[in-house]
Amino acid sequence: MNNDDGFGAGNIREFYRILKEAGHDVLMVAPATQQSAQGGRSDFTTEANLTAPTQYGIIPAGAPSIGTDPNDSNIWYYNGTPAACTFVALDYVLPRYYPDWTPDLLVSGPNFGINAGPFVWTLSGTAGATYSAVERSVPAIAFSGSNPSIPYMNITNTSNPATWTAAISAKIVQQFVDATPEGAAILPLGYGVNVNIPVLESDTMPDVVASRMTGDADVDEAVYNETSGLFTWANIEPKAAGVNVCYNGDCSLPGETFAVENGAVSISVFTVDYDAPSIPYTKLVTAKFAPLVAGNGTTTYKKRAAAAAGGLKKRAVSSREMNRA
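Each residue of the sequence shown is one higher than the one before, counting from 1202 in the numbering used here.
Simulated from the structure, these hints should not be mistaken for laboratory data.
What you are looking at is a predicted structure, and each value in this text was computed from that prediction instead of being measured.
From the three backbone atoms N, C-alpha and C, an ideal C-beta is built for every residue, glycine too.
Check each hint, because a few of them may be wrong.
[Claimed, not checked] Okay, derived cross-link-like pairs now, EDC-like style, lysine to aspartate or glutamate, Cα gap no bigger than 16 Å in a straight line:
| # | residue 1 | residue 2 |
| --- | --- | --- |
| 1 | 1440 | 1417 |
| 2 | 1221 | 1292 |
| 3 | 1372 | 1404 |
| 4 | 1440 | 1427 |
| 5 | 1221 | 1273 |
| 6 | 1440 | 1462 |
| 7 | 1440 | 1422 |
| 8 | 1440 | 1419 |
| 9 | 1372 | 1408 |
| 10 | 1372 | 1222 |
[To be verified] Label-pair restraints from in silico Cβ distances:
| # | residue 1 | residue 2 | range |
| --- | --- | --- | --- |
| 11 | 1400 | 1324 | 13 to 23 Å |
| 12 | 1478 | 1324 | 18 to 28 Å |
| 13 | 1433 | 1506 | 41 to 51 Å |
| 14 | 1503 | 1246 | 35 to 45 Å |
| 15 | 1406 | 1382 | 17 to 27 Å |
| 16 | 1293 | 1272 | 13 to 23 Å |
| 17 | 1297 | 1402 | 38 to 48 Å |
The whole structure should be built from the sequences, with the hints applied where relevant.
Right, dumping it as structure tokens:
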């Protein structure tokens, strides 16, 4: 479990609690401080000890830059970005302290605020924690809610938006688990899921829709302030065509931005294969640099590529065997 709001955020702590109560084995490795808008940036601290207290003063300055919550040894903090926390979990915490654990799923969030559309997806630390796991062959689901930020110690009952958002997230996790045969991977290799949850007025589960990332999605424009001489951002209107064109997936699905704005939980499926689809537009682009490819008469690349291809085949076999196990 990871996020970008910090290991003391109310949403992630409620998500953790509910999943544990449902019988799941859960390990949290999340940022020591708020790390929103980091995207997939993998930033590891250069300080062995904290130079300032962690979020909400849970851990004091001077403590190690990685450690556990005073009240729960399965809740870890690390003074790095969300993507870095994913890697620290996989390469340090799990092998050293949980050698018998193999992660079936990474869950990220629920974020304070939705992460809908391709532009926000590239900025989101919640997303970065998620696709970093997918790239490492670990199935992952990103969750984002519409509720405001709240420290976990300020949650005093179960009738609040943080708990409701976490409960819906847990139901979706359980659905994926229940729909997966014993011993099978929860998601295919290279696949991930993005979930966005609308504003909640109660613990009632809203409508759930299958969605796509493009469609009614926003992208920024720079807004200049003549008085201050500074820039800020705004969502460009009308919505930009470039961020909303649909080439991949089912173009008949509603965009996740539209779905959430109209009160539904959106579930979008993504892959980390960013290659363009095999359509005429792609052939049009490749044709533009075809003379350069055709004019490459050197043999050095071909020798190196052949050697690398052999290594890739071996690694691919290893990955498949790992997934079967």
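Task: Hints that the structure is at odds with (numbers, increasing) - done: 2 and 4
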